[in-house]
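Sequences listed follow chains A and B, in order.
Okay, so the first sequence: first residue is 1 according to UniProt numbering, each after it adds one.
Okay, so the second sequence: first residue is 1 according to UniProt numbering, each after it adds one.
None of these hints come from the bench; they were simulated from the model.
Glycine residues also receive a C-beta, built at the ideal position from the N, C-alpha and C atoms.
There could be a bad hint or two in this list.
In silico lysine to aspartate or glutamate, EDC-like type, Cα no more than 16 Å apart, as pairs [said to hold, decoys possible]:
1. A:239 / B:246
2. B:715 / A:246
3. B:239 / A:204
4. B:632 / A:209
5. A:239 / A:258
6. A:715 / B:696
Just some of the chain B residues that point at chain A, by a computed CB distance under 8 Å [unchecked claim]:
7. 273
8. 314
9. 316
10. 550
Pairwise CB distance ranges, derived in the manner of DEER restraints [what the hints assert, rightly or not]:
11. B:176 / A:367: 21 to 27 Å
12. A:409 / B:709: 58 to 64 Å
13. B:366 / A:165: 20 to 26 Å
Spelled out from the first residue to the last, the chains are:
Protein chains: 2
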Amino acid sequence: MSVIDEPATEALPAGGAADAKSASDKAAAGAGSAAAKHEKSDKHGKTGTVDAGRIDTVWLGEYLLGKWADDRRTSREQLKDERYHRIDGLPMPEHRERVLGQLHRLVADKAVHRAFPTRLGGEDNHGGNIAAFEELLLADPSLQIKSGVQWGLFGAAILHLGTERHHDAYLPSTMSLETPGAFAMTETGHGSDVAAIGTTATYDPATQEFVINTPFRAAWKDYLGNAAKDGRAAVLFAKLITQGVDHGVHAFYVPIRDLDGAFLPGVGGEDDGLKGGLNGIDNGRLHFDHVRIPRLDLLDRYGQVAEDGTYTSPIASPGRRFFTMLGTLVQGRVSLDGSSTLASKVGLTIALRYASERRQFAGADAENEVVLLDYQRHQRRLLPRLAETYAMSFAHERLLEKFDSVFSGKGDTDEDRQDLETLAAALKPLSTWAGLDILQECREACGGAGFLAENRFTQLRADLDVYVTFEGDNNVLLQLVAKRLLGDYAAKLSKADAGDIAGFVAGQVGDAALNRSGLRKVAQAVADFGSTARSVGMVRDEASQRQLLTDRVHTMVGEVALRLRGASKLSAEAAAELFNANQDELIQAARAHAELLQWESFTDALGWVEHPGTKQKLTWLRDLFGFTLIEKHLAWYLMHGRLSAFRAQAITDYIDDRLLPRLRPHALDLVDAFQLEPEHLRAPIATGAEKQRQDEARDYYAALRASGQAPTPEKSPKKR
Amino acid sequence: MSVIDEPATEALPAGGAADAKSASDKAAAGAGSAAAKHEKSDKHGKTGTVDAGRIDTVWLGEYLLGKWADDRRTSREQLKDERYHRIDGLPMPEHRERVLGQLHRLVADKAVHRAFPTRLGGEDNHGGNIAAFEELLLADPSLQIKSGVQWGLFGAAILHLGTERHHDAYLPSTMSLETPGAFAMTETGHGSDVAAIGTTATYDPATQEFVINTPFRAAWKDYLGNAAKDGRAAVLFAKLITQGVDHGVHAFYVPIRDLDGAFLPGVGGEDDGLKGGLNGIDNGRLHFDHVRIPRLDLLDRYGQVAEDGTYTSPIASPGRRFFTMLGTLVQGRVSLDGSSTLASKVGLTIALRYASERRQFAGADAENEVVLLDYQRHQRRLLPRLAETYAMSFAHERLLEKFDSVFSGKGDTDEDRQDLETLAAALKPLSTWAGLDILQECREACGGAGFLAENRFTQLRADLDVYVTFEGDNNVLLQLVAKRLLGDYAAKLSKADAGDIAGFVAGQVGDAALNRSGLRKVAQAVADFGSTARSVGMVRDEASQRQLLTDRVHTMVGEVALRLRGASKLSAEAAAELFNANQDELIQAARAHAELLQWESFTDALGWVEHPGTKQKLTWLRDLFGFTLIEKHLAWYLMHGRLSAFRAQAITDYIDDRLLPRLRPHALDLVDAFQLEPEHLRAPIATGAEKQRQDEARDYYAALRASGQAPTPEKSPKKR
């Protein structure tokens, strides 16, 4: 680790970045004020001349919008129309009607067809489609998710699991919303474990039909958007059975209601009723009693049944076939990651604007009470979450680019698809949980005003609640990530020769021995003896942050791998027990991996920032993100001898004493860069109303004092 | 620290309790099976014969109901009436109407007058009143909080801040709900800082009236239940000004609406509209334009104004008078502590029953999928929260007894009142935050089913959201606790002689030096070398848990005190800055203190448990609570050299490998002891429906296999 001293003045850039680029920046800025002015033009053609001490919010705003900035801007512009906006307190039936109407409006506004084939009126624009879709959250998450059901699930399943015949027959009416559709995968009895669903589709060669059947109550399709009211058809997932063989889960196109909205013969269902949020969507249940559909309505891209019932598939392995089919649906996870990030931006913009105006309790200044954001605790509550949101935003952009690359066919190998799935499975849990945490902290930071529906936090949080368990339960997704990490780890081991393995094991044991005797810590403690600034400098630079975060992932995975060694030789019971005994730690390892991905994305993003003021502040923000992660896992670092007690304390001090006070003056710029306009925020407390009230009160008291009519305060008897 | 080895078998009690009582229990149980049967009769007269390997849920249920069990039971029985139950999805106006009607029903059911004077039809039963009030949450938190506004705030303010004249004039119509009333304290501009409100009540001796005035927009009264629609009167807090002197905040009885519901002259207001929850309550704003009220309508227990305008008070210090007046309103905090605890019991009962039935993913057993609660991760998510809920429950009982003692006059010294306030300010933040966390984790643990309104989690959570910021913002309350801790600390120092102080400071410095050199850690690390069981045994016993938790509080307070030394000699700016720089840590110290209080309450409660099975399981649960706390703060213990890395790891292992598996079979008993009946839970997933569905599915597959008609699974090509 390199030791970099704290820059002496605030005017210098953050320093600390170990790469050559930021070092040269530092030199340039340090050389004098020649580099202190920065000129650039953004895509809108505006030219900003922003002081090097500040953030170029126009440039940063554009940067944050990412590769599909135009799609996002178009979507945001459309969503200024108040006919798209959620009306709080609307009873469920009216809310559902309103959202259905809004979906028709989205069609008219050409807002939702980007991902469909050009020949059918789409744009074959996969990344832009998701980007624009994410923005829909600004109007109403119900609108977002219902359009996700129609075009992102129902439509995308026809697109990706069907073939040209299905595209021609069903996509036009899907795109136009003539046929609202349900995505009938989940059952009451099976959510996360899709492979175990109970619905069957049995081929009958006599009539060349599939017979769709729900054998028991647990196999009812459940929680499906469009199922309770609007859906005319469904893409239904069922076990395909032909010639007495169960070929596993396949998708079928199944009409469910007639034009009058009545269930077709054999189809039944019920309404899921009121939910914790997203009540503009008509979620419901469906069941099928030997419903017959034509053979050709099997969506047969990955599995075909001939007239005589012979099954064929381009993918020989049933397991790989199943995961390939499910993999086409990854966009749901991708878009939830981006949506939660956007919701966090909304919440933080509102809460930080309020925190910059709202005053409470007298401070040293007799004239004015203290602004909330000047309290250390308030900074602690909001600024690390702002840093996390930036990390989420940059990580999401990376995910979206990967997604677009795979789905456009630019980079669509098996490994690409696996990487995409792992990335989505890693990032979606963190961002959806963070979204809830951030909206809640924002709501609490605004007190009673934060609890009013008009200020957005509570309803956004209620709607986003289910994001943590749908499109893959977060805990289940993290286990998928952990299994991939273990797999990579094992693959590396098997390739290595025996000597390497021995070395690895010895390294593990040696490491543990070192920790036990505490020798490493003693050495570090002695080396640490000195000033806080010098001590923290040893971990403050980018390379050290990376090393600490990376090391933790590797070590955690290695530790679990070591404990799982030989599990394959155990009985099924013993192996399951061993795995279960390490389940929590596995999930923690996956989390650590995802956090590292976020940190790396943030750090990569810094590399493209040229304006010194912007770069400096974003570097502090990245440091705050990195340090907050390290602080969160401090016990691990201490237990594994990676940090001494003294250095660990210095990290907390550095956050409190340096990073928070440094970033505080730039908090408003950092949320302004999210470029959310009043029509998107729609929160009275984010409008300056609080400042107006405070000013009025202060002026009143000043005038009263000047008038000589002010009452004198009762004196305490002790002071008389 | 004593070293107690792990008991060899599950049949032995937990051991580990260092006090003589549990030691003798251990001896008795260990002596043989003679003590293994346990007979007792509870208040219902039932005789339970419960095996020593199990929990006596009937006895434990009674024990948890606490001192005011009868009041709780009466309340729970009344609330089985579905006319009290919340109807999800009711539009706000209908919900408000329904709750108002329910309040009238509570009057008819004699459910809400326990705290009022016997001579006016009450019972002078303060503890029982709060106990019964807390249970109202089971029907609908809106019903609870609206009745809290009417009888707990409006009525209690008349009772505690007024004198007999006010009681006679206003309590009967308050008790009967003839006069719905608002508690007009908070203003748009000032919530936590009540002393800075802007509303004035200026005495006019010419007419012997007070003139109530709202001087600017920020001084509008805000977020008041009963203000938007139903309130006919308000207890209004305003700065009392007479003879040119401002005597600070006092309370006044102010009529606001006529019998037709129209605002009286000079009074205005508006509706707060939709909120994140509690929408059965008509929260709103009020403002006053020189409204005149009779002199005698000052609630004058703690401050009187004579006809000529002379002010007198039994409490000379304005500061102490203010805090005394506010202190009479502590019951709000007390009851929110109990209500959040009860909500957690509801959530955990539903989630643990579902987790005990729901299966997902195949395990080692080919016939059955794995029950959710058998997953380590699921245990980790729910069981520590169950332990926390028990701790909250026992701590709340202690708080309620203190409250009753003060308010009944049994123990009502200044110190008693201070202790009560500090206890409430410490416990309310932890339990209200825990309530949200627990309900959210329960909702996620139930997946999509958890998101349905019918399963209770989402709506309970939405309603309880505001509990963390009203009746004292949690962060502000914890700062009050921290200041009290610092005060106690300083008082102890000033009493000590100079030598002691020197010793203390030296101790602090010496301690730090020891940590820096890492010597203590090395010593501990060496001592630790050995088996996990032996190592954890060194902290597993009660005395060691206590020492670790207590030491942390003392050290944290001492550290902050040391850093704040000399603040009184600094300029106002510098002192404020110094305090602010330690704000986050102060709040952490207060949290640690509150956690210790919860742990001590749980431990005290164990002392009264006789049945060996019950005692053993509750001891494990207390250990889980204590260990989870220590694990949460592991970084602190490591940094301060209180735990070695090896021992720290052993704590996590002990939770995962011992406590969770041991408690898992008793999870259902532990929630059954909450004695919540179907009419209180009203959650379809807590009814056994899931098990029925699973059984039906399993029977279907078994019959299919037996019939020989089951399709064979497609074989993977590799296996052919």
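### Message
Let's test the interface hint: is any C-beta of chain A closer than 8 Å to that of residue 316 of chain B?
### Response
Holds, about 4 Å.
### Message
With the threshold set at 16 Å, check whether the alpha-carbon distance from residue 715 of chain B to residue 246 of chain A stays at or below it.
### Response
9 Å, holds
#### Entry: 20 to 26 Å as the expected CB spacing between residue 165 of chain A and residue 366 of chain B, which holds or is violated
Since residue 366 of chain B and residue 165 of chain A have Cβ atoms about 40 Å apart, the given range 20 to 26 Å is violated.
#### Entry: Proposed interface contact between residue 550 of chain B and chain A, which counts if any beta carbon pair is under 8 Å
20 Å, violated
### Message
Assuming the hint says 21 to 27 Å, is it satisfied by the Cβ distance from residue 176 of chain B to residue 367 of chain A or not?
### Response
48 Å, violated
### Query
Given the hint that residue 632 of chain B pairs with residue 209 of chain A, does the C-alpha gap stay at or below 16 Å?
Not satisfied, since the Cα-Cα distance of roughly 59 Å exceeds 16 Å.
### Query
Within a Cα-Cα threshold of 16 Å, do residue 239 of chain A and residue 246 of chain B meet the stated pairing?
Given pair residue 239 of chain A, residue 246 of chain B is violated - Cα atoms ~79 Å apart, limit 16 Å.
### Pairwise hint evaluation, residue 204 of chain A against residue 239 of chain B, where the allowed Cα distance is 16 Å at most
84 Å, violated
### Restraint status (C-alpha distance of residue 239 of chain A to residue 258 of chain A at most 16 Å)
25 Å, violated
### Query
Does the Cβ pair residue 409 of chain A, residue 709 of chain B satisfy 58 to 64 Å?
Violated: the Cβ-Cβ distance is about 43 Å, outside 58 to 64 Å.
#### Entry: Restraint satisfaction for residue 314 of chain B [CB to CB of chain A, less than 8 Å]
Violated, about 13 Å.
### Query
Has the given pair, residue 715 of chain A with residue 696 of chain B, been kept, meaning a C-alpha gap of at most 16 Å?
Distance ~77 Å between residue 715 of chain A and residue 696 of chain B Cα, so the pair is violated.
Of the numbered hints given earlier, the model fails hints 1, 3, 4, 5, 6, 8, 10, 11, 12, 13; all others are met.
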